[in-house]
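Protein chains: 2
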Amino acid sequence: MMESTPESNGSVNDGNHNRPTPAIHGPTNPMVTPLLTDLYQFTMAYAYWKAGKHNDRAVFDLYFRRNPFGGEYTVFAGLEECIRFIANFKLSKEEISFVRECLSPTCEDAFFDYLGGINCSDVEVYAIAEGSVVFPKVPLMRIEGPVAVVQLLETPFVNLINFASLVTTNAARHRFVAGKNKLLLEFGLRRAQGPDGGVGASRYCYMGGFDATSNCAAGKLFGIPLRGTHSHAFVSSFTGPDEITEKSLQSRDGSRVCNNFVDLTLMWLNKLKGLSSSEGVFGETNQSELAAFISYALAFPDNFLALVDTYDVMRSGIPNFCAVALALNDMGYIAKGIRLDSGDLAYLSCEARKFFHTIEKELRVCGFGKIGITASNDLNEETLDALNKQGHEVDSFGIGTNLVTCFSQPALGCVFKLVEINNQPRIKLSEDVSKVSIPCKKRSFRLYGKEGYALVDIMSGENEPPPKEGQRILCRHPFNESKRAYVVPQHVEELMKCYWPGSADKAREDLPTLEQIREHCMKQLERMRTDHMRRLNPTPYKVSVSAKLYEFIHFLWLNEAPVGELQ
Amino acid sequence: MMESTPESNGSVNDGNHNRPTPAIHGPTNPMVTPLLTDLYQFTMAYAYWKAGKHNDRAVFDLYFRRNPFGGEYTVFAGLEECIRFIANFKLSKEEISFVRECLSPTCEDAFFDYLGGINCSDVEVYAIAEGSVVFPKVPLMRIEGPVAVVQLLETPFVNLINFASLVTTNAARHRFVAGKNKLLLEFGLRRAQGPDGGVGASRYCYMGGFDATSNCAAGKLFGIPLRGTHSHAFVSSFTGPDEITEKSLQSRDGSRVCNNFVDLTLMWLNKLKGLSSSEGVFGETNQSELAAFISYALAFPDNFLALVDTYDVMRSGIPNFCAVALALNDMGYIAKGIRLDSGDLAYLSCEARKFFHTIEKELRVCGFGKIGITASNDLNEETLDALNKQGHEVDSFGIGTNLVTCFSQPALGCVFKLVEINNQPRIKLSEDVSKVSIPCKKRSFRLYGKEGYALVDIMSGENEPPPKEGQRILCRHPFNESKRAYVVPQHVEELMKCYWPGSADKAREDLPTLEQIREHCMKQLERMRTDHMRRLNPTPYKVSVSAKLYEFIHFLWLNEAPVGELQ
Numbered sequence: 001m002m003e004s005t006p007e008s009n010g011s012v013n014d015g016n017h018n019r020p021t022p023a024i025h026g027p028t029n030p031m032v033t034p035l036l037t038d039l040y041q042f043t044m045a046y047a048y049w050k051a052g053k054h055n056d057r058a059v060f061d062l063y064f065r066r067n068p069f070g071g072e073y074t075v076f077a078g079l080e081e082c083i084r085f086i087a088n089f090k091l092s093k094e095e096i097s098f099v100r101e102c103l104s105p106t107c108e109d110a111f112f113d114y115l116g117g118i119n120c121s122d123v124e125v126y127a128i129a130e131g132s133v134v135f136p137k138v139p140l141m142r143i144e145g146p147v148a149v150v151q152l153l154e155t156p157f158v159n160l161i162n163f164a165s166l167v168t169t170n171a172a173r174h175r176f177v178a179g180k181n182k183l184l185l186e187f188g189l190r191r192a193q194g195p196d197g198g199v200g201a202s203r204y205c206y207m208g209g210f211d212a213t214s215n216c217a218a219g220k221l222f223g224i225p226l227r228g229t230h231s232h233a234f235v236s237s238f239t240g241p242d243e244i245t246e247k248s249l250q251s252r253d254g255s256r257v258c259n260n261f262v263d264l265t266l267m268w269l270n271k272l273k274g275l276s277s278s279e280g281v282f283g284e285t286n287q288s289e290l291a292a293f294i295s296y297a298l299a300f301p302d303n304f305l306a307l308v309d310t311y312d313v314m315r316s317g318i319p320n321f322c323a324v325a326l327a328l329n330d331m332g333y334i335a336k337g338i339r340l341d342s343g344d345l346a347y348l349s350c351e352a353r354k355f356f357h358t359i360e361k362e363l364r365v366c367g368f369g370k371i372g373i374t375a376s377n378d379l380n381e382e383t384l385d386a387l388n389k390q391g392h393e394v395d396s397f398g399i400g401t402n403l404v405t406c407f408s409q410p411a412l413g414c415v416f417k418l419v420e421i422n423n424q425p426r427i428k429l430s431e432d433v434s435k436v437s438i439p440c441k442k443r444s445f446r447l448y449g450k451e452g453y454a455l456v457d458i459m460s461g462e463n464e465p466p467p468k469e470g471q472r473i474l475c476r477h478p479f480n481e482s483k484r485a486y487v488v489p490q491h492v493e494e495l496m497k498c499y500w501p502g503s504a505d506k507a508r509e510d511l512p513t514l515e516q517i518r519e520h521c522m523k524q525l526e527r528m529r530t531d532h533m534r535r536l537n538p539t540p541y542k543v544s545v546s547a548k549l550y551e552f553i554h555f556l557w558l559n560e561a562p563v564g565e566l567q
Numbered sequence: 001m002m003e004s005t006p007e008s009n010g011s012v013n014d015g016n017h018n019r020p021t022p023a024i025h026g027p028t029n030p031m032v033t034p035l036l037t038d039l040y041q042f043t044m045a046y047a048y049w050k051a052g053k054h055n056d057r058a059v060f061d062l063y064f065r066r067n068p069f070g071g072e073y074t075v076f077a078g079l080e081e082c083i084r085f086i087a088n089f090k091l092s093k094e095e096i097s098f099v100r101e102c103l104s105p106t107c108e109d110a111f112f113d114y115l116g117g118i119n120c121s122d123v124e125v126y127a128i129a130e131g132s133v134v135f136p137k138v139p140l141m142r143i144e145g146p147v148a149v150v151q152l153l154e155t156p157f158v159n160l161i162n163f164a165s166l167v168t169t170n171a172a173r174h175r176f177v178a179g180k181n182k183l184l185l186e187f188g189l190r191r192a193q194g195p196d197g198g199v200g201a202s203r204y205c206y207m208g209g210f211d212a213t214s215n216c217a218a219g220k221l222f223g224i225p226l227r228g229t230h231s232h233a234f235v236s237s238f239t240g241p242d243e244i245t246e247k248s249l250q251s252r253d254g255s256r257v258c259n260n261f262v263d264l265t266l267m268w269l270n271k272l273k274g275l276s277s278s279e280g281v282f283g284e285t286n287q288s289e290l291a292a293f294i295s296y297a298l299a300f301p302d303n304f305l306a307l308v309d310t311y312d313v314m315r316s317g318i319p320n321f322c323a324v325a326l327a328l329n330d331m332g333y334i335a336k337g338i339r340l341d342s343g344d345l346a347y348l349s350c351e352a353r354k355f356f357h358t359i360e361k362e363l364r365v366c367g368f369g370k371i372g373i374t375a376s377n378d379l380n381e382e383t384l385d386a387l388n389k390q391g392h393e394v395d396s397f398g399i400g401t402n403l404v405t406c407f408s409q410p411a412l413g414c415v416f417k418l419v420e421i422n423n424q425p426r427i428k429l430s431e432d433v434s435k436v437s438i439p440c441k442k443r444s445f446r447l448y449g450k451e452g453y454a455l456v457d458i459m460s461g462e463n464e465p466p467p468k469e470g471q472r473i474l475c476r477h478p479f480n481e482s483k484r485a486y487v488v489p490q491h492v493e494e495l496m497k498c499y500w501p502g503s504a505d506k507a508r509e510d511l512p513t514l515e516q517i518r519e520h521c522m523k524q525l526e527r528m529r530t531d532h533m534r535r536l537n538p539t540p541y542k543v544s545v546s547a548k549l550y551e552f553i554h555f556l557w558l559n560e561a562p563v564g565e566l567q
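Residue numbers (UniProt numbering), protein chains in the order written: chain A, 1 to 567; chain B, 1 to 567.
Where hints are given, some of them may not hold.
Just so you know, same-sequence chains aren't split out, so a pair can sit in one copy or run between any two.
Claimed, not checked - No more than 30 Å apart at the CA atoms, straight line, and that leaves these computed lysine-lysine pairs for DSSO-like:
#1 K497 - K90
#2 K273 - K370
#3 K271 - K468
#4 K435 - K182
#5 K435 - K389
#6 K506 - K548
#7 K542 - K483
#8 K506 - K483
#9 K50 - K450
#10 K361 - K182
#11 K435 - K354
#12 K435 - K483
#13 K50 - K247
#14 K50 - K271
#15 K50 - K506
#16 K542 - K441
None of these hints come from the bench; they were simulated from the model.
Values in this document were obtained by computation on a predicted structure and should not be read as measured data.
Next comes chain A alone, as it looks inside the complex:
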């Protein structure tokens, strides 16, 4: 139960490059409009226009400078939303008159006519496939077009990529620590940074390897499987089994009816007290909890999963759950399990598991020992790791706050830098070398070694011959003269493809479905050596430039930097 039927996720998958491409839906969040940008993009547009430079052909790179979470990799996400945005980019009359109010009254009318005519038919976007593993300095996207138009895209693109990539990476990291066999549930909507902080997190956590979400809106929008049963409030809203009026339950196969499921449960509760292992563990269990569990089971006999920590896990929650589960078992239903939402999850899960095994053995209920245990209290990478080290019996983790707000690092620093204008390479200098941009319209490649693992990414100028398999290639650190290495790749993959050709006569990459992107992501993560992936002291993955590009960067740097005079 609770898996939503995947619906159309609004993505476009035209399947065939030669057919005319159909219209691409607008961004998921209708608030993503051309006004979702910084004012300075409009003031610059005016200044470019006034200088007659607005149609200068500019190339910008979108990239980040450091992997998040102290790690050595990042997952790229948010591309589909960017493409949806530019495919529908058009300022409305109302938006233009708002911009006019914001700019100076001296701005010329003709500029606003120009703004009204802007679209992205003259913009080209190359990008790495969404869901790919990516690294600092290597462009995630290369955006080329009239400088004034491309500048207007900067803020929304960076906004759409930053959080998407950050939270996808966070999800992938949680998956890495949890291992492949655990069920990972995203429960973060209530603690997310606003409504689509929540919706976005649900989508991108699924992309990064989670199995399901609690967020119904995300389930509907993106076809993500949904999970959820009940809360503490449900438990405490009951007073006791007396208030249950409709007590009958039909057996799963429809062959018989139990007229008093409450009594059946009470009978089992009594038997549980007699188990050798229960002695002294519990006396009277909490009656409102018992009533809540029975009611939930009567409503969802096929999906009985109980939150067992409202009063006391071992003295009340577990015995109450087991009594209801055993009564359900009598009627042919298999209980789904328990959820622990507080306390020592390692200890409690082991104790619960022991009790389930005792029941299986002493009461001869086949399979009872394997009943599911979900844990969900303020989990993060660290606590998952600690639980693994300590030993636990949890099958499924519900993770909220730390996952969706990326608590340990809530922002990724994607930037959008001019690298070429009118075929002139441009560089942005900085006292901080890590902030110097890599100039030129570039291509980038991932070189794979014999064992199928990625070895190094290399950027080169657009017109350089691409690296070839089996060929010896010099890979240079972009800024550190002494760091360089020869690589003979077994396989070469070009990283960026054309996702938006504008009016250029080029094929456009399809926008894959969320499910396809998720699979791509899982495959990409497997092609990384685990020493790059581990939590503690991961090995940095190498990012390099071609020898030719290296020379050019340093030529341009010297050319642009003012020469100081020592005093």
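Fit chain B to the known structure of chain A by using the hints.
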């Protein structure tokens, strides 16, 4: 310039309680629908319905347990969006059929008819005024209504309040450190957690005391003043003054025209080299930067604010800026200032100020020494504090990432707990005392002392007589027996008012405008003793319960907790 005309912010302000209230607009983000909730709210709704309990009258409190950012106060925000949400709460047919797919196929049809008929006409919401200073455990909102309906509101309410309150508090903390006289600009859209992470942050940072935003969408939606000029890319998109073709500038008063503003600027640049203080500081300044500054000044002669760190602040950015500013001055325009976006902001701002003063003195340009300095590189509370201690000449701070993502603590832990059902008080226990809920439908009051400062908040049962001015009141810590104090308040303020009466015959509080909320917030912050507000070791503000409520909490606690048996 750049201040947007405040538009209708969509808020409702009926002004008069006796008139029929007009319709309330839906939530700002159209993605905020009844499906923006956790699946378990629907499974519980079904279980309540199946048990015939769905109309049980429940009271829930929405509150948080700990102030964020290591502080001792929080600003409450997000209320308007919650009211907009319930005022328009209605599941569409499409939404209901999605819920049906997600629940078990055994769920009865009549439930979905029931869902289709749900609205919030039978729900009552009491809340503290938006923009108020609030404290842990004291309900921010009290929501009463049919249990199944109120549960459906839990996730969206908590989502809408959590980030709003968190980021408003963060803004208020930044304002506290920056001081009243600095201009604070929110520049976070690109790094925010998704599109309405950005829009929400802009709105709530303004509420918490910022002066303006760079986010055009927020400017349009909420009438927040907008700021922004140009980026590094604008600077590096130029090659040199030669490419400027339209060089004329009319004087501010329209009386004359300078036919070659480029030459005028070059003349001033030359003069600057001759200043005593420039000797050896700069030689040839960067030509693309100079061209960019001139072009920006020609486009916005009335609003010339230049980003001066693309190449080298002291050797290039500042002299280029000053040359353009002096040329503008010749034409009757006053330059706005510079922006520093890297490096040692304290040092650079002081050096820039010195240079401006030299120009004022040596070139006799009145007021030049006071030219504005904006700083904007990865600022946060700590760096503002460090700058203050070090001494700086910055007039205006642009703050992005750390502000809008609440980097130092990206989530607030608001919860939504059942405190009463069918007039029966309910409690949620926990091994962790701080997680025990305070039962009963309550009222709460803020008691003020002689100097006008808030002394303590006190919660009491709904039917207790409220505390009175001048009367001696016993305030007890809710869980710690030994912590209690008598207070004689000078002034008593009831904290919660009715913002949504449902169909009850009660007056509804107006929803104030953003501007009004901001003012209320500023006043509230002033009524707090500064020892509660300081960054280091702030004094906790006291939150208490009445003697009667204290007794009742502990009676119920003993009643619900299972009695252990030591083994």
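These are the hints, each one checked on the structure:
{"no.": "1", "hint": "K497 - K90", "verdict": "within (24 Å within a copy, 44 Å between copies)"}
{"no.": "2", "hint": "K273 - K370", "verdict": "within (21 Å within a copy, 82 Å between copies)"}
{"no.": "3", "hint": "K271 - K468", "verdict": "neither (72 Å within a copy, 56 Å between copies)"}
{"no.": "4", "hint": "K435 - K182", "verdict": "between (40 Å within a copy, 28 Å between copies)"}
{"no.": "5", "hint": "K435 - K389", "verdict": "between (39 Å within a copy, 27 Å between copies)"}
{"no.": "6", "hint": "K506 - K548", "verdict": "within (27 Å within a copy, 76 Å between copies)"}
{"no.": "7", "hint": "K542 - K483", "verdict": "within (10 Å within a copy, 59 Å between copies)"}
{"no.": "8", "hint": "K506 - K483", "verdict": "neither (37 Å within a copy, 74 Å between copies)"}
{"no.": "9", "hint": "K50 - K450", "verdict": "neither (55 Å within a copy, 61 Å between copies)"}
{"no.": "10", "hint": "K361 - K182", "verdict": "within (25 Å within a copy, 72 Å between copies)"}
{"no.": "11", "hint": "K435 - K354", "verdict": "between (56 Å within a copy, 28 Å between copies)"}
{"no.": "12", "hint": "K435 - K483", "verdict": "within (18 Å within a copy, 54 Å between copies)"}
{"no.": "13", "hint": "K50 - K247", "verdict": "between (78 Å within a copy, 11 Å between copies)"}
{"no.": "14", "hint": "K50 - K271", "verdict": "between (86 Å within a copy, 28 Å between copies)"}
{"no.": "15", "hint": "K50 - K506", "verdict": "neither (32 Å within a copy, 58 Å between copies)"}
{"no.": "16", "hint": "K542 - K441", "verdict": "within (21 Å within a copy, 60 Å between copies)"}
Going down the numbered hints, you'll see the structure goes against 3, 8, 9 and 15, while the others check out.
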